[in-house]
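*Asks:* The lines below spell out each chain.
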Amino acid sequence: MREEADVVVIGGGVTGCGIAYNLAKKGLTDVIVLERQVPCVGASGRCGGGIRQQFTTDANITLAMESVRLFEQLSVELDTDIEYEQGGYLIIAYEDEVDQFKRNVRLQNSLGLESRFITPEEAREIVPLLNIDPIAGATFCQTDGHANPFRVVHGYARKAQKMGVEISKFTAVTGIVVEDGQIRAVKTDKGTIKTNTVVNAAGAYSRDIASMVGVSLPNKPYRHEILVTEPVEHVLDPMVISFKTGVYFSQQKHGPIIGGIGDPEEPSSYNISASLRFMKRMARTVVELVPAFGHLNVLRQWAGLYDVTPDAQPVLGWTEGVDQFCQANGYSGHGFMIAPKVTELIAELIVDGKPSMPIDDLNLKRFEGEITGEAYVVG
Amino acid sequence: MTEIVCRCEDITEEDILDAIDQGYTTLEEIKRVLRCGMGPCQGRTCIPLITRIVARKTGKSLAEVSRPTTRPPLQPLPLSVFAGEEE
Ligand SMILES: Cc1cc2nc3c(=O)[nH]c(=O)nc-3n(C[C@H](O)[C@H](O)[C@H](O)COP(=O)(O)OP(=O)(O)OC[C@H]3O[C@@H](n4cnc5c(N)ncnc54)[C@H](O)[C@@H]3O)c2cc1C
Ligand code: FES
Chain A
1 MREEADVVVI GGGVTGCGIA YNLAKKGLTD VIVLERQVPC VGASGRCGGG IRQQFTTDAN
61 ITLAMESVRL FEQLSVELDT DIEYEQGGYL IIAYEDEVDQ FKRNVRLQNS LGLESRFITP
121 EEAREIVPLL NIDPIAGATF CQTDGHANPF RVVHGYARKA QKMGVEISKF TAVTGIVVED
181 GQIRAVKTDK GTIKTNTVVN AAGAYSRDIA SMVGVSLPNK PYRHEILVTE PVEHVLDPMV
241 ISFKTGVYFS QQKHGPIIGG IGDPEEPSSY NISASLRFMK RMARTVVELV PAFGHLNVLR
301 QWAGLYDVTP DAQPVLGWTE GVDQFCQANG YSGHGFMIAP KVTELIAELI VDGKPSMPID
361 DLNLKRFEGE ITGEAYVVG
Chain B
1001 MTEIVCRCED ITEEDILDAI DQGYTTLEEI KRVLRCGMGP CQGRTCIPLI TRIVARKTGK
1061 SLAEVSRPTT RPPLQPLPLS VFAGEEE
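Residue numbers (my numbering), protein chains in the order written: chain A, 1 to 379; chain B, 1001 to 1087.
Keep in mind that the hints were calculated from the coordinates and are not lab data.
Hints should not be assumed to be uniformly reliable.
What the hints assert, rightly or not - Which residues of chain B face chain A? A few of them, derived with a C-beta cut under 7 angstroms, are:
no., residue
1, Cys1008
2, Glu1029
3, Gly1059
4, Ala1063
5, Leu1079
Since the structure is predicted, the reported quantities are computational estimates derived from the model, not experimental observations.
Cβ coordinates follow ideal geometry from the N, Cα and C atoms, glycine included.
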């Protein structure tokens, strides 16, 4: 492990590896990524891989749209098939959601996103197995989709390594040395690395990293569970989701259905065990929407952590009080889909001093005032 | 002649050795990169084989390599079984 680096990135998920790649692409290769276990072991390797642009805040819609542009060329750029598919996202609308969803579509359209409100019958044309009895309509955006998170993370990591970045596995950060508000070094269980610049991309553990230098993040960890079924013939193009029930599911390239459901009663914790309660809620909700899926065998279930902020938008950029300490966390359950753009912007901030798109509204400072947030929190 | 080690996902011994050469030296990583052990049998047949290959190639003991955690359910069950149960 090197003893000195221009930039130390903490966390080997899609954020950390993506930032390392984008720094190297901009010519800054004296970078080390510190990962407590192995790349992809955190939320990135546990997520549903969904890529959605249908959000309700300007910031999230724009970051997601810009990311889709980058996802479209990522397989070529990273020399690896990221299994990207644009089958769309179908967002189920129940009766009391219709007016709000129509307003959301108007906002999305005004930002250039081609989402639209459709009838239950139109929804069934897109998903022939859908039971439309309980639904009042849906919104649909064809350019939404999904990709394989392992491929994306390992693609970023490998390409970054080829350009000179070091990725140090099994290296846990234990402290950060700060003198007079300047970062001097990062301490790990494998030794100390001298540096002036640190990126906090530790996912749900980012608040622990920040607290090492006395910075308090409002982020809280929440368990989210997910399951995968046996592979079946291709029956489902889009990701189907509902904000009312919190469910989402899609069919992966090689055939399995993968999906999860949020639980309003889940307390904030670092628990990532799998529960029977999830399995029952998930099964009931999915089978109501797609009765034919009742026959599918579940192969495994697991859980990961959402790193949730009070407004469900990420915390990005420099930190007041500690020079050159950059936050890239708080993704609140949608960090994979915006990673391509976010990691590019963070690299621009570090190398050029200014990102090509303003991210000031996403700075940690915003939590000092009043908060207006993202209403769509699901995969 | 390369031998299939994971029948569910069609992964050969050579695929495993290549992954190790690329720096994926733990079962956790190999499983994620190649998807071996993630098929319908959930690795019951292949993980012991892969563990041995990794141990031999990296010079670690079988215990050090060990197997990644299994995730429930232990036997595949249809969704309808869970949908029907009471809370
Ligand atoms: C079940 C589930 C489903 C999801 N579905 C989707 C989806 O469909 N679409 C989507 O966009 N998002 C989804 N998400 C959210 C998405 O997974 C995350 O927002 C994203 O992966 C965050 O990536 P990250 O790199 O910031 O964090 P992580 O992937 O969590 O990486 C952080 C890394 O930091 C490491 N680390 C922590 N502490 C230390 C330390 N002290 N020293 C060194 N390393 C440390 C950890 O080991 C970890 O590898 C889902 C999340 C879950 C849990
Ligand atoms: S043989 Fe490898 S998962 Fe079944």
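*Asks:* Now tell me if each hint is right for this structure.
*Replies:* Taking the hints in turn, this is what the structure says about them:
Interface restraint check for Cys1008 of chain B: the shortest CB-CB distance to chain A comes to about 10 angstroms, outside 7 angstroms, so the restraint is violated. This hint holds: Glu1029 of chain B has a C-beta 5 angstroms from the nearest C-beta of chain A, less than the 7 angstroms allowed. Proximity of Gly1059 of chain B to chain A is violated relative to the hint, the smallest CB-CB distance being about 17 angstroms (cut-off 7 angstroms). Interface restraint check for Ala1063 of chain B: the shortest CB-CB distance to chain A comes to about 17 angstroms, outside 7 angstroms, so the restraint is violated.
A cut of 7 angstroms between beta carbons decides the hint on Leu1079 of chain B: the least distance to chain A is about 4 angstroms, and the hint holds.
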